[in-house]
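*Asks:* Residue strings, one per chain:
Number of protein chains: 4
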Amino acid sequence: MTRQTIVAPEIAVSRWFNTKEPLTLAALRGRPILIHAFQMLCPGCVTHGTPQAEKAHRLFRDSDLQVIGLHTVFEHHAAMTPVSLEAYIHEYRLTMPIGVDEPSTAGPLPVTMGRYQMRGTPTAILIGRDGAILHHSFGQEDDMALGARIADALRT
Amino acid sequence: MTRQTIVAPEIAVSRWFNTKEPLTLAALRGRPILIHAFQMLCPGCVTHGTPQAEKAHRLFRDSDLQVIGLHTVFEHHAAMTPVSLEAYIHEYRLTMPIGVDEPSTAGPLPVTMGRYQMRGTPTAILIGRDGAILHHSFGQEDDMALGARIADALRT
Amino acid sequence: MTRQTIVAPEIAVSRWFNTKEPLTLAALRGRPILIHAFQMLCPGCVTHGTPQAEKAHRLFRDSDLQVIGLHTVFEHHAAMTPVSLEAYIHEYRLTMPIGVDEPSTAGPLPVTMGRYQMRGTPTAILIGRDGAILHHSFGQEDDMALGARIADALRT
Amino acid sequence: MTRQTIVAPEIAVSRWFNTKEPLTLAALRGRPILIHAFQMLCPGCVTHGTPQAEKAHRLFRDSDLQVIGLHTVFEHHAAMTPVSLEAYIHEYRLTMPIGVDEPSTAGPLPVTMGRYQMRGTPTAILIGRDGAILHHSFGQEDDMALGARIADALRT
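Chains as they are written, first to last, in our numbering: chain G, 1 to 156; chain Y, 1 to 156; chain L, 1 to 156; chain B, 1 to 156.
Take the hints with a grain of salt, since some may be wrong.
[Said to hold, decoys possible] With a straight-line cut-off of 30 angstroms between C-alpha atoms, the simulated DSBU-like cross-links for lysine-lysine are: (1) L/K20 <-> L/K55; (2) L/K55 <-> Y/K55; (3) G/K55 <-> B/K55; (4) Y/K20 <-> Y/K55.
None of these hints come from the bench; they were simulated from the model.
Build the full structure now, drawing on both the sequences and the hints.
*Replies:* Next up, the structure:
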């Protein structure tokens with residue numbers, strides 16, 4: 001079996017939290033990246049996905065993994081503005097870098113969400129040192145399985 | 001031992017969700033009332049308090065208990081507008097009547113929150129058939145204890 | 001609708017833990033009783049039912065409710081002896097009175113379990129002050145609902 | 001910094017469950033091994049440690065990781081006999097190989113527990129392909145961290 005390599009498209013972010021400098025995949029090339037796409041009013045994100053991404057951010061702090069939270073608002077746009085997101089980040093004590101996925105002029109899906117053809121939130125995307133997508137999953141993911149995948153990406 | 005009766009002050013609500021008619025304590029006199037004060041970005045409310053109030057709303061559906069959710073925004077006002085609350089109610093499948101505590105011109109605390117001298121969110125207030133406050137608690141409350149208190153209020 | 005009153009049959013216990021005197025329903029007549037039937041190796045009991053009964057024992061400590069744990073072994077008899085039960089009670093910090101349901105000479109079901117026609121474990125049986133069975137449920141029961149039922153039984 | 005390599009001592013098992021052949025570290029040399037030491041009446045094992053080990057057994061099924069449950073009874077010996085353990089394994093649907101740590105004639109601690117100087121249960125010990133102890137932890141361990149450690153051990 002051979003697997004076709006899919007190069008991760010660049011992320012489009014209109015505003016950043018928890019980072020002084022904007023992040024780009026181009027600048028991070030050479031490091032594994034975990035993108036956690038979420039919406040602040042998505043119950044499965046609040047309960048499971050976002051705490052899991054924050055845990056990965058803290059657990060692998062001494063490695064060169066980069067965790068990026070991506071606020072991919074594709075519904076209830078007026079309810080999940082950057083102002084609301086900022087309060088959410090504060091109340092939930094999130095410390096990982098979080099970017100707001102750039103709204104699209106073409107429709108409700110933001111730009112990065114469209115580029116990655118994400119099916120909804122939460123979505124976890126793991127990118128290897130060479131920029132290839134190693135794993136793309138929608139919905140709840142097991143902590144142990146994710147920990148193993150990240151360790152594999154760090155080893156490569 | 002004697003306990004001084006404290007009559008529950010009227011609630012002040014600027015907007016309602018999940019009810020056709022506005023609710024007032026005056027009109028509900030004769031029925032027990034459970035007020036659940038919350039903020040949509042308060043983690044302890046999202047995880048425990050609000051699901052608990054919604055559970056009470058469903059469990060005692062055939063009794064004459066009235067459960068009222070009260071969105072008492074006292075911080076991050078721009079982040080927790082009625083528009084955001086409406087999306088929150090939709091995403092978390094809340095069916096109990098929910099009122100927005102009327103903003104105050106005097107300060108950050110909304111009107112009802114001030115009248116009841118609530119210490120924060122979540123707060124649960126149980127009111128008897130005679131309009132007296134039976135119980136006022138701040139923070140996480142045990143389901144079994146709350147179920148017993150509501151049953152007592154219904155029996156009286 | 002009328003409901004036929006079923007008088008709770010007496011319990012048959014071969015050994016007691018956490019009580020100086022043996023308990024009988026006859027002697028407890030006039031008080032509400034919650035019987036929690038369990039097996040120490042039943043996962044649903046360990047995770048949910050037994051902690052719930054212990055919680056009721058502690059929560060209603062100042063009332064005249066009597067909580068009784070009943071070890072109704074109907075399978076793996078050699079694995080759940082009183083010696084094993086004693087260690088279980090110690091390790092799980094159980095303080096409610098617990099009786100060993102008397103083994104039957106007629107088959108694997110112990111005597112009390114047979115008298116009550118219990119379907120398995122965990123089973124919760126709530127008995128009123130008059131000795132009538134108020135509620136008999138098999139499986140997981142909600143804390144809030146049970147709290148309300150107990151409060152009702154105490155009020156009657 | 002240099003770390004002294006500690007070679008994992010052989011396990012001593014008096015009885016096996018869930019495996020046709022007895023397992024020895026010697027025969028497993030070349031494969032990573034996760035030893036989960038537990039007692040069937042230890043609440044922290046029942047709730048967290050044992051389900052975690054069983055999860056690792058299933059998650060890494062297609063790798064050459066060997067998970068071994070080790071019943072290290074050091075208290076309540078009469079309560080946790082192999083007969084009771086067999087029922088426990090059945091009721092909790094455990095499928096990983098489980099060995100009974102060999103009782104010692106010298107005292108309450110079984111042989112393997114003594115050799116590894118375990119502090120209690122649950123204990124997790126991860127052994128590398130070369131037979132060196134990679135990690136030895138007492139108490140609750142995070143799923144994500146354990147997943148990463150196992151992946152690292154598999155990669156080496």
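*Asks:* Now tell me if each hint is right for this structure.
*Replies:* Hints, one by one, checked against the model:
{"no.": "1", "hint": "L/K20 <-> L/K55", "verdict": "holds (21 angstroms)"}
{"no.": "2", "hint": "L/K55 <-> Y/K55", "verdict": "holds (19 angstroms)"}
{"no.": "3", "hint": "G/K55 <-> B/K55", "verdict": "holds (19 angstroms)"}
{"no.": "4", "hint": "Y/K20 <-> Y/K55", "verdict": "holds (21 angstroms)"}
The structure agrees with every numbered hint stated previously.
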